[in-house]
Amino acid sequence: MEPHGDKARVQSEPFDAAAELERIKAASTRIGGVVLFVGVVRDFSQGHGVTKILFEHFPGMAESKLAELRETAIGRFGLIDLIVVHRVGELMPGDDIVLIAAAAEHRAAAFDGCSWCIDELKKAVPIWKKEHAPDGALWLEAHP
Amino acid sequence: MKITVRYFALLRERMGLDSEVLSWDDAEPTVERLRRHLADRVPALAVFLRSGPILVAVNRQYAAADTLLSDGDEVALFPPVTGG
Chain A
0 MEPHGDKARV QSEPFDAAAE LERIKAASTR IGGVVLFVGV VRDFSQGHGV TKILFEHFPG
60 MAESKLAELR ETAIGRFGLI DLIVVHRVGE LMPGDDIVLI AAAAEHRAAA FDGCSWCIDE
120 LKKAVPIWKK EHAPDGALWL EAHP
Chain B
0 MKITVRYFAL LRERMGLDSE VLSWDDAEPT VERLRRHLAD RVPALAVFLR SGPILVAVNR
60 QYAAADTLLS DGDEVALFPP VTGG
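Residue numbers (numbering that gives the first Met the number 0), protein chains in the order written: chain A, 0 to 143; chain B, 0 to 83.
These aren't lab readings, by the way, just hints derived from the structure by calculation.
It should be emphasised that the depicted structure is a prediction, and the values quoted were computed from it without experimental measurement.
Among the clues, some could well be false.
[To be verified] Here are the simulated SDA-like cross-link-like pairs (lysine to any residue), alpha carbons at most 25 Å apart as the crow flies:
1) A:LYS51 / B:GLY15
2) B:LYS1 / B:THR29
3) A:LYS129 / B:THR29
4) A:LYS122 / B:LEU21
5) A:LYS121 / A:ALA132
Chain B on its own, in the form it takes in the complex:
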């Protein structure tokens, strides 16, 4: 399936891009498994994605690690927010 992955702040800088369309298939396509997939694929993000306090939003709603993803979903990865 196709997932649009978006990166913000420090993750965007480390990644060197703000979004990409990923072709990804998994028997159990959860947020957690996508995170692991990206960590294996992108060394620049591995440390953040494996153990960092990363927030995940699926279709612009905060999502838990066990959230199931579907074709066409937008998954945003970002550090804890620091506005205000």
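The shape of chain A in the complex, shown without the other chains:
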């Protein structure tokens, strides 16, 4: 398996958050806390209903930026391990979009690392969403 293996990946199929949590805990017995963030498709956005969202990515670059993020977060926050998974394709309200699990000896680093990672992901990883509403579809503009 490559260095980052499947701990920084893009996939169309759903992920299993409970399984990812168990997997990161298995990384080390020094882990004292894991912060798990899961981003979910909402059925309402910027004043209108959402019927589905299409996620497009730049294959190759999106994965390498996720791996870079993972490495930077581990170094910067002294994490023991980090898993980041982003889904692409057509997602419906209630579907999971993104998962970040940050494991550290203590909770502060896990919270900070997880929060930093999702913020940076939104700025740097080449993935775009097109929201479909009852009255049409729209590529979203960048916003926090």
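Position chain B against the provided structure of chain A, taking the given hints into account.
Only chain B this time, still in chain A's reference frame:
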């Protein structure tokens, strides 16, 4: 020289294709000059390429406007990212 240009998201839709191989020669072949060349050539993209907040990746690394391009480079053009 030959440059592979790739388009994503809104740019891909406006362009009607996701990539093309471009023959392009310029005394100073920078990302910025390629952007201007494409804006002159493709009316559908002109407004984005001239003044839009477009991101550029050369060989899958984000690149600044003054980055020099070489034969065989892959240049990807896309809107600000909106994942997460």
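Tested hints:
1. A:LYS51 / B:GLY15: holds (22 Å)
2. B:LYS1 / B:THR29: holds (14 Å)
3. A:LYS129 / B:THR29: violated (31 Å)
4. A:LYS122 / B:LEU21: violated (29 Å)
5. A:LYS121 / A:ALA132: Satisfied, since the Cα-Cα distance of roughly 22 Å is no more than 25 Å.
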